[in-house]
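Engineer: This is what each chain is made of:
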Amino acid sequence: MASFSKCYAIKKNDFIKAGDASIKIKNLLKSTDIDPAIIRRVAVCGYEGEINVAMHGGNGKICIDIGENQITIKIDDDGPGIEDIDLAMKKGFSTATDKWREMGFGAGMGLPNMFKNADKFNIESEKGNGTHITMEFSLKGNI
Amino acid sequence: MTEREENIYSSYFLYKKDLCENCSECIKACPTHAIRIRRKKNLRFLDKCIGCGECIRVCPTGAMTTASKGIEDLNKDKFNIAIVSPVIYSQFPDIMATDVLAGVEKIGFDLSVDLTHFLELFQFATEEYIKRNKSNDEQTPYISPICPIVIRLITHKFPNLLKNVLPLERPVALFSAEIKENISKEYKVAEEDIELWHITPCPAKIISKKTQFLNEKKYINKSIGVNDIYVELFHEISKIKKKNLDLYCSGKSNVLFSGRSFEWGLSGGEIAGINNDKSIAVSGLKDTIAYLEKIDLGLLKHIDYLELRICPEGCIGGALTAIDKYIAKSAIRRLVNIYGKGRRLSKEKIMKLYDDGYFFTTVDTSEIKDIYGVKQNEPLSLDQLMEIDELVGIIKGRNCGVCGAPDCKTFAEDIVRGKAEFEDCLVPNLKQKVDKKKAENKTE
Ligand SMILES: Nc1ncnc2c1ncn2[C@@H]1O[C@H](COP(=O)(O)OP(=O)(O)OP(=O)(O)O)[C@@H](O)[C@H]1O
Ligand SMILES: [Mg+2]
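Protein chains in written order, with this note's numbering: chain Y, 9 to 151; chain L, 65 to 508.
Honestly, the hints are just simulated from the structure, not real lab data. Worth double-checking, as some hints may not be accurate.
As the list claims (entries may be wrong) - The following label-pair restraints were derived from C-beta to C-beta distances:
{"hint": "1", "chain 1": "Y", "residue 1": "M111", "chain 2": "L", "residue 2": "M415", "range": "34 to 42 angstroms"}
{"hint": "2", "chain 1": "L", "residue 1": "K501", "chain 2": "Y", "residue 2": "K19", "range": "39 to 47 angstroms"}
{"hint": "3", "chain 1": "Y", "residue 1": "K20", "chain 2": "L", "residue 2": "L417", "range": "50 to 58 angstroms"}
{"hint": "4", "chain 1": "L", "residue 1": "K411", "chain 2": "Y", "residue 2": "T142", "range": "51 to 59 angstroms"}
{"hint": "5", "chain 1": "L", "residue 1": "L417", "chain 2": "Y", "residue 2": "T142", "range": "50 to 58 angstroms"}
{"hint": "6", "chain 1": "Y", "residue 1": "D86", "chain 2": "L", "residue 2": "K460", "range": "52 to 60 angstroms"}
Said to hold, decoys possible - Chain L residues, not near chain Y, derived (Cβ > 10 angstroms throughout):
{"hint": "7", "residue": "D82"}
{"hint": "8", "residue": "E136"}
{"hint": "9", "residue": "N224"}
{"hint": "10", "residue": "K358"}
{"hint": "11", "residue": "G362"}
{"hint": "12", "residue": "K413"}
{"hint": "13", "residue": "L494"}
{"hint": "14", "residue": "K502"}
Said to hold, decoys possible - Chain Y regions said to be covered by chain L (calculated; three or more residues, Cβ under 8 angstroms):
{"hint": "15", "segment": "26–35"}
{"hint": "16", "segment": "111–120"}
Glycine included, C-beta positions come from ideal geometry on N, C-alpha and C.
So here's chain L without its partners, still in its complex pose:
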């Protein structure tokens, strides 16, 4: 069989047929019901995948993976810059952030650059934006634009909440916007010879052309999972590790980092750096959806800002991380203790940038839908609603999943939409039963 028949791609994931054992965990775990398997591993991704990575998380055999090409995709003819977010430091407990940065250069990147300065910029700007636009009843509570999966979920399930998303550029976009030009000057390389890489725990960021949000430009050229490079990176870091954390804490590096920025990867880490006591942080798929439902009902008006993260405990719970999220959390706590919680940037300088419009972006919702390729279902008619309900009643199933849909109700909906066949269901003679019921309804 050719490779194309064996591997199936969604917008974000890769399904390897030969590893699949037909357990259907992925189908049930998908929050947008975007996966179906029709007979003998004929897996299909519907255009509703938001890249959350739940399917990767639950897959017991590794058949479900990201579409990341790995470090092999590094083009040695280019000047390769790696953006290093604080989540990556959390993956190496008791190793200095500076050593991690050095290690990244050892595995093949020409330059590794820390992102935390821009996280702080963003937090300042957010604080200011909320202060100035609090009374805008239409848009409050504001929703953090940071988690790309949350934005995709909103696009798919709550399109009218896109107006609540804070219209500020994300730190990685602020960063990418200036780095190529600066590095080009400093290292005397042509801008077009620079390739910008994002090392990320987030499956939704792997396809770089789907990463940008709102009107951000497409700066990132390639993305790679933390787990793609972990083993190699760990190996390199253990070679260069000179001193351990405790000995180093009074060194120059204190100037470079603030403990605040290390918290970023934790649930609550974003709002911890924002002076606003009416903010909440929510993490995990279920709770995030529950909060979006509430905002959709017009509730939570007493809240100014919501930090939402699809992954449990925040980005350290991302599907592409390398170590357990609770271990990572404790590693972050130690870093924060060492570096303290001060702010590094001067408020006046940032205010000037703010007033110059440096942070702003505009929301074009139609464009977002195109970029993400997230589709809404065709609306159902009243008759179809009744048909689905009746079919569910006839099946009287227990969501066994043999049909390849996540549950009986979704299967019934697929049937009514003409996208599944009665024979896929274990209930014997389902079609005849439905026809009989229809005939009865008519004579009544």
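Next comes chain Y alone, as it looks inside the complex:
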């Protein structure tokens, strides 16, 4: 089935640019007639994911795929990976350093927010093998 895809690179520790890809994705979606509420959820998930890659992960990329019935966001990085995924998914769990906390990160709400805002959420990660997240947003009867 026809679909439209685009990928953007995310750089380790680049906090000025982290989030830019999600803004581009948001603007791309805004040029269509997709429901603004869905666009917002996609953008929020993308943003949290991007920040996580830059802060905890390594170098990576974020890809969007717009299909007839769903939007898929894939976020991959080559960082240290997550040892205990169940723990990382818990609200409030964070390994952010004091420095990040001073910048307003580290509430431990990123992954739970992504889980809440996506219609389907899948995370694969193990120590040493990076982190790979796939999120799906249903567009039924929308575009």
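Put chain L with the ligands on the given structure of chain Y with help from the hints.
Structural biologist: Same frame as chain Y, now just chain L with the ligands:
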């Protein structure tokens, strides 16, 4: 050729064909991609112009100007009042504000009136509004309603942030609402014989019927750029200038002005007069857009109030100012040093006005769009998105701009929307290449 063919107007600007050298700087600078030139200076403004003045700023030949009619538009049969904002004082370094006001009357206005009292009123009201409505999660952070271009940008690109705009009347509206009546009484002229002029650094304010915001009434009759009157005004002021700034600083004028109000034209000048330590001031087109994008993502919830100004360094960087913004900034700093930073108005009095609803306005977003004439693009379908992407891939261009669009992607979008032609692009046989690719896609 007739004048109508030579001059082309947008909502805010005037393009003079005979001065244009086809450099296409304006097309690339426009933040809403509202300008196209199709072959031989056939410039078009799309209905997306927000009046920011970037095109004026970058135009090397002066072909892009405002639609201001200048001081010639002054009708001597009327009683003409000029509203003088502090930005104008900053344009005359080391000249007393009172001398500037006197000069404005010498160039033809019957009365010049200083705006700063109302700036302070507005700052008080803003402070109070934030204090009382901080916890409204839907609307925070609040966005300053002052910069008209920011409001147009929000209308065009971030319509769902219109709810964040502080619902208070702007100082110039508060001022205009009462001045005609007062002056009419004091000078014994009929209200309908009064014409209210705004001298402004802001290109978005030149067309006065597009200036009012939210439910403000249409009080301003005419607007004029600071640069339209600068030379004449400078000439008059140098004639009347009695004393220089230092000698004057202990005079009566201290009662009239507070240094705080002079800061208004600077980025950060608005929030400097508002007691709230969770405010930020951002200026310049790029940074303003970056901040709006963040609010749009639901971020910046820890901020109470955002002062946004499209022009770099604030209104002193406006496209219609007469002197360099950094010189103006240093002139303001000297004024602030002389006049001090005290407040002039009594809090009790303002609180009473506040509780009486004097400051409030309501947001009617649909009306705003009509007034500004800002249009959103028709939404693209998934197929169109793919078509644009494919076309960009075939062109593989470097945004040369020969086609008259700001970049290859916008050109591709114009093509897909049926608003440009393949022949406008430098790539030879573009249409054939696209057709070939389409045929390949089908057989795959
Ligand atoms: N891409 C990643 N690579 C390695 N570890 C990660 C990655 N993403 C998340 N983590 C781990 O999971 C934890 C929880 O992530 P989550 O996004 O929920 O919270 P946070 O990033 O610490 O804080 P917040 O997102 O609220 O600013 C992180 O502290 C980190 O230890
Ligand atoms: Mg996170």
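Engineer: Tell me if the beta carbons of M111/Y and M415/L are separated by a distance inside 34 to 42 angstroms.
Structural biologist: holds, 38 angstroms
Engineer: Measuring from beta carbon to beta carbon, are K20/Y and L417/L in 50 to 58 angstroms?
Structural biologist: With Cβ atoms ~54 angstroms apart, the hint holds.
Engineer: Just want to verify: K413/L was marked as not at the interface with chain Y; is every Cβ pair farther apart than 10 angstroms?
Structural biologist: Correct as stated: the minimum Cβ-Cβ distance to chain Y is 39 angstroms, above 10 angstroms.
Engineer: For L494/L, is the shortest CB-to-CB distance to chain Y above 10 angstroms, so the non-interface label stands?
Structural biologist: holds, 21 angstroms
Engineer: Under 8 angstroms between beta-carbons, do enough residues of the segment 111–120 of chain Y, three at least, approach chain L for the coverage claim to hold?
Structural biologist: violated (count 1)
Engineer: Could you see if the CB distance from K411/L to T142/Y stays within 51 to 59 angstroms?
Structural biologist: This hint holds: roughly 57 angstroms between Cβ atoms.
Engineer: Could you let me know if the closest chain Y CB is still more than 10 angstroms away from the CB of D82/L?
Structural biologist: holds, 36 angstroms
Engineer: Since N224/L was said not to touch the interface, does its Cβ keep a gap of more than 10 angstroms from each Cβ of chain Y?
Structural biologist: violated, 6 angstroms
Engineer: Would you say G362/L is clear of chain Y, with no C-beta pair closer than or equal to 10 angstroms?
Structural biologist: violated, 6 angstroms
Engineer: Test the statement that K358/L is away from the interface with chain Y: the closest C-beta pair must be farther apart than 10 angstroms.
Structural biologist: Non-interface label fails for K358/L: nearest chain Y Cβ at 8 angstroms, not farther than 10 angstroms.
Engineer: Confirm or reject the statement that E136/L sits farther than 10 angstroms, beta carbon to beta carbon, from all of chain Y.
Structural biologist: Label holds. Min Cβ-Cβ 43 angstroms, cutoff 10 angstroms.
Engineer: Hint says 39 to 47 angstroms; check whether the CB-CB distance for K501/L and K19/Y agrees.
Structural biologist: About 33 angstroms separates the Cβ atoms of K501/L and K19/Y, which means 39 to 47 angstroms is violated.
The structure fails hints 2, 6, 9, 10, 11, 16 (numbered hints given earlier, in ascending order).
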